[in-house]
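Visitor: Just need the whole structure built from these sequences, with the hints factored in.
2 protein chains.
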Amino acid sequence: MPEFRRDIISGQWVIIAADRVKRPETFACKGKYEIDHAALPERMESCPFCPGNEGMTPPEVLALGRREGTPDSPGWRVRVVPNMFPAVRAGDGSAGEARPGEGAFFYREPGCGVHEVLIETTAHNRHPGSISREQMRLVVDSYYRRYQALSGNQTLRFIMIFRNHGREAGASIEHPHSQLIALPFIPGQVRMELEGAHEYYLNRRECPYCRLLEEERRSGIRMVAENSFFSAYMPFASRYPFETWLLPRRHQSSFLDMEEKEREALAALLNEVLGRLSLVLDDPPYNFYLHSAPLRLAALPHYHWHLELIPKLTATAAFEMGAGVFINVVVPEEAAAFLRNKGGDSIESRGEGILCPGLAQSPTRG
Amino acid sequence: MPEFRRDIISGQWVIIAADRVKRPETFACKGKYEIDHAALPERMESCPFCPGNEGMTPPEVLALGRREGTPDSPGWRVRVVPNMFPAVRAGDGSAGEARPGEGAFFYREPGCGVHEVLIETTAHNRHPGSISREQMRLVVDSYYRRYQALSGNQTLRFIMIFRNHGREAGASIEHPHSQLIALPFIPGQVRMELEGAHEYYLNRRECPYCRLLEEERRSGIRMVAENSFFSAYMPFASRYPFETWLLPRRHQSSFLDMEEKEREALAALLNEVLGRLSLVLDDPPYNFYLHSAPLRLAALPHYHWHLELIPKLTATAAFEMGAGVFINVVVPEEAAAFLRNKGGDSIESRGEGILCPGLAQSPTRG
Numbered sequence: 001m002p003e004f005r006r007d008i009i010s011g012q013w014v015i016i017a018a019d020r021v022k023r024p025e026t027f028a029c030k031g032k033y034e035i036d037h038a039a040l041p042e043r044m045e046s047c048p049f050c051p052g053n054e055g056m057t058p059p060e061v062l063a064l065g066r067r068e069g070t071p072d073s074p075g076w077r078v079r080v081v082p083n084m085f086p087a088v089r090a091g092d093g094s095a096g097e098a099r100p101g102e103g104a105f106f107y108r109e110p111g112c113g114v115h116e117v118l119i120e121t122t123a124h125n126r127h128p129g130s131i132s133r134e135q136m137r138l139v140v141d142s143y144y145r146r147y148q149a150l151s152g153n154q155t156l157r158f159i160m161i162f163r164n165h166g167r168e169a170g171a172s173i174e175h176p177h178s179q180l181i182a183l184p185f186i187p188g189q190v191r192m193e194l195e196g197a198h199e200y201y202l203n204r205r206e207c208p209y210c211r212l213l214e215e216e217r218r219s220g221i222r223m224v225a226e227n228s229f230f231s232a233y234m235p236f237a238s239r240y241p242f243e244t245w246l247l248p249r250r251h252q253s254s255f256l257d258m259e260e261k262e263r264e265a266l267a268a269l270l271n272e273v274l275g276r277l278s279l280v281l282d283d284p285p286y287n288f289y290l291h292s293a294p295l296r297l298a299a300l301p302h303y304h305w306h307l308e309l310i311p312k313l314t315a316t317a318a319f320e321m322g323a324g325v326f327i328n329v330v331v332p333e334e335a336a337a338f339l340r341n342k343g344g345d346s347i348e349s350r351g352e353g354i355l356c357p358g359l360a361q362s363p364t365r366g
Numbered sequence: 001m002p003e004f005r006r007d008i009i010s011g012q013w014v015i016i017a018a019d020r021v022k023r024p025e026t027f028a029c030k031g032k033y034e035i036d037h038a039a040l041p042e043r044m045e046s047c048p049f050c051p052g053n054e055g056m057t058p059p060e061v062l063a064l065g066r067r068e069g070t071p072d073s074p075g076w077r078v079r080v081v082p083n084m085f086p087a088v089r090a091g092d093g094s095a096g097e098a099r100p101g102e103g104a105f106f107y108r109e110p111g112c113g114v115h116e117v118l119i120e121t122t123a124h125n126r127h128p129g130s131i132s133r134e135q136m137r138l139v140v141d142s143y144y145r146r147y148q149a150l151s152g153n154q155t156l157r158f159i160m161i162f163r164n165h166g167r168e169a170g171a172s173i174e175h176p177h178s179q180l181i182a183l184p185f186i187p188g189q190v191r192m193e194l195e196g197a198h199e200y201y202l203n204r205r206e207c208p209y210c211r212l213l214e215e216e217r218r219s220g221i222r223m224v225a226e227n228s229f230f231s232a233y234m235p236f237a238s239r240y241p242f243e244t245w246l247l248p249r250r251h252q253s254s255f256l257d258m259e260e261k262e263r264e265a266l267a268a269l270l271n272e273v274l275g276r277l278s279l280v281l282d283d284p285p286y287n288f289y290l291h292s293a294p295l296r297l298a299a300l301p302h303y304h305w306h307l308e309l310i311p312k313l314t315a316t317a318a319f320e321m322g323a324g325v326f327i328n329v330v331v332p333e334e335a336a337a338f339l340r341n342k343g344g345d346s347i348e349s350r351g352e353g354i355l356c357p358g359l360a361q362s363p364t365r366g
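Line order of the protein sequences matches chains A and B. If you read the first sequence in my numbering, its first letter stands for residue 1, the second for the next number, and so on. If you read the second sequence in my numbering, its first letter stands for residue 1, the second for the next number, and so on.
The set of hints was computed from the structure by calculation and includes no laboratory data. Beta carbons are placed, not taken as given, at the ideal position from N, Cα and C, and that holds for glycine.
Estimated spans, in silico, between C-beta atoms of each pair: (1) A:Arg204 x B:Glu214: 41 to 49 Å; (2) A:Ile173 x B:Ala28: 21 to 29 Å; (3) A:Ala90 x B:Arg23: 23 to 31 Å; (4) A:Glu45 x B:Ala28: 29 to 37 Å.
From the derived model, a few chain A residues whose C-beta atoms are all more than 10 Å from chain B: (5) Glu60; (6) Gly75; (7) Ser151; (8) Glu260.
Taking beta-carbon pairs under 7 Å as the criterion, some of the chain A residues facing chain B (in silico): (9) Arg5; (10) Pro110; (11) Gly170.
Guide: The following block contains the structure:
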């Protein structure tokens with residue numbers, strides 16, 4: 001029998017479609033995806049993100065790891081530049097006006113904001129599933145530093161950091177990179193979460209994410225991995241196969257609330273989860289994004305920032321688009337067990353504080 | 001400069017990304033898509049939807065056009081059958097219970113509902129962009145009759161009729177078909193529209209869709225085509241390139257409110273728009289779905305049923321998923337002009353009551 005599941009925060013339904021259901025290993029197909037990252041060269045002459053090609057991008061806004069030398073020269077380990085083809089642009093934040101002849105019915109304003117690219121490594125053919133933990137830590141540091149630098153901008157209300165991996169997931173440039181878009185409004189998906197979490201909090205006087213995490217850690221059936229400061233699990237009402245959320249274990253509503261050891265732990269867990277996904281599903285395309293509180297708010301007791309990671313394994317079709325109800329063909333409990341158990345090595349044996357047993361070592365780490 | 005546009009009903013923002021913007025004709029690439037429908041045979045031995053293979057599907061629930069003969073035999077022109085791999089299933093509608101050990105925190109219930117396939121023609125290689133208007137009328141009749149038959153079922157709250165065309169849009173079977181999923185709850189996307197429309201109505205005492213239609217018909221810049229009973233236009237805050245909505249011109253909240261001449265007009269306009277899209281974009285993949293009021297409600301003054309048609313021309317990536325804010329690389333006014341003007345024939349010359357000039361004759365009609 002198929003099953004409806006409801007997310008306690010968003011109130012949204014998903015369908016776990018028993019008659020269409022697939023075993024998690026169905027998605028572990030060798031050579032299924034368009035780009036074989038392992039077969040790419042380490043440097044591409046024509047790639048604007050490869051070292052030596054710094055002149056092909058707008059001037060950098062941040063570089064990590066360059067000890068000497070001038071800006072926009074090699075020597076960096078992570079480099080952040082404005083997007084060449086931005087979805088939004090710097091502006092004076094003034095509101096737009098309806099154009100003549102259209103009436104006030106159609107509201108538009110200039111697309112003011114910030115759109116940056118965070119180049120995660122010098123190696124064209126690496127990706128977060130195959131970089132070192134140390135390199136991942138620099139990536140997380142670059143997220144944090146850009147977030148911090150932009151958060152004081154009074155024209156901005158929200159910062160979204162996100163990553164598209166693989167062509168099927170919308171990545172147009174192969175060289176590993178994340179992106180940041182800062183907006184002068186709170187996006188609808190985030191507003192929905194904030195409102196759902198607020199409603200829950202009014203009724204029960206507890207952060208729904210803290211409670212979720214407690215429940216997930218207690219049952220363990222949807223846990224993927226964790227360390228002392230972060231946990232990764234697959235949501236009860238997962239919309240997509242292998243959808244995985246990473247949450248800080250301490251209550252914090254903004255990404256900026258993280259302390260240094262927490263940033264280190266986030267890098268370690270994200271590296272672990274991406275490495276594991278890449279290993280068991282053979283470098284699948286995926287998307288991830290951060291959901292954090294709007295900028296410059298006091299600590300919110302009901303909201304808890306997190307990272308949502310979604311492998312792109314199935315097509316989103318008319319029913320999902322029209323209903324907002326996702327049909328998931330993989331049972332989250334089975335996907336989580338598959339991700340925990342495939343391989344054999346225990347993470348504990350690596351002495352890195354990952355508590356979930358059965359999670360094997362990740363592939364190549366540079 | 002990029003532009004933010006806000007939808008007056010949903011309140012959602014889109015970004016018309018000027019720096020990434022593409023001319024509408026960019027998407028008109030010959031042979032770009034995975035399936036060349038024109039190259040398929042008219043009948044496939046192995047296709048469960050081809051005539052003569054009626055035994056390969058569950059027993060039909062409706063057949064149109066069969067003058068004699070027994071059910072589940074050839075002679076039909078449109079045939080409706082239960083989905084072999086349903087996302088939801090018939091059930092007694094009883095609520096589910098939280099499973100032991102999980103607590104009430106995780107709410108689930110049996111996936112009760114109805115999932116049907118509407119086989120639109122006997123020809124394996126036709127699609128709604130290339131079938132006759134008469135055949136399209138039978139398809140719309142089948143939508144209407146199944147909607148009507150299921151609407152009395154007290155366990156159901158909402159019926160979604162939808163279509164996936166092409167592999168990129170999630171179609172797994174080539175033979176032209178639509179689908180129907182009936183649910184015991186109101187899906188989130190529809191609830192959001194209902195709430196936004198209600199809020200608008202409370203403030204302004206007019207149906208926002210009626211007003212939108214009036215504004216669109218007055219300016220004409222986003223109009224695609226229309227006849228005496230239906231209009232097609234591209235929304236001001238289009239989320240996707242070439243996104244097109246079809247609305248009845250008379251206020252009506254439910255799909256079931258249509259009179260016979262309106263069903264005929266819907267078939268004619270849908271045929272026209274799909275034929276035109278297929279011609280100018282070379283048979284692109286697309287999704288469409290109907291948004292109608294929940295079942296068994298009195299007429300709603302604030303809601304107006306409609307069809308949303310979305311060609312699948314770009315990938316939805318992390319930013320869109322995480323923000324719910326869509327980045328559209330085509331200006332709707334340009335896409336509408338392109339769809340109106342490409343070709344040259346005036347629709348008026350066909351004497352079919354299409355008021356927008358410049359819309360050329362559609363391709364092959366069987």
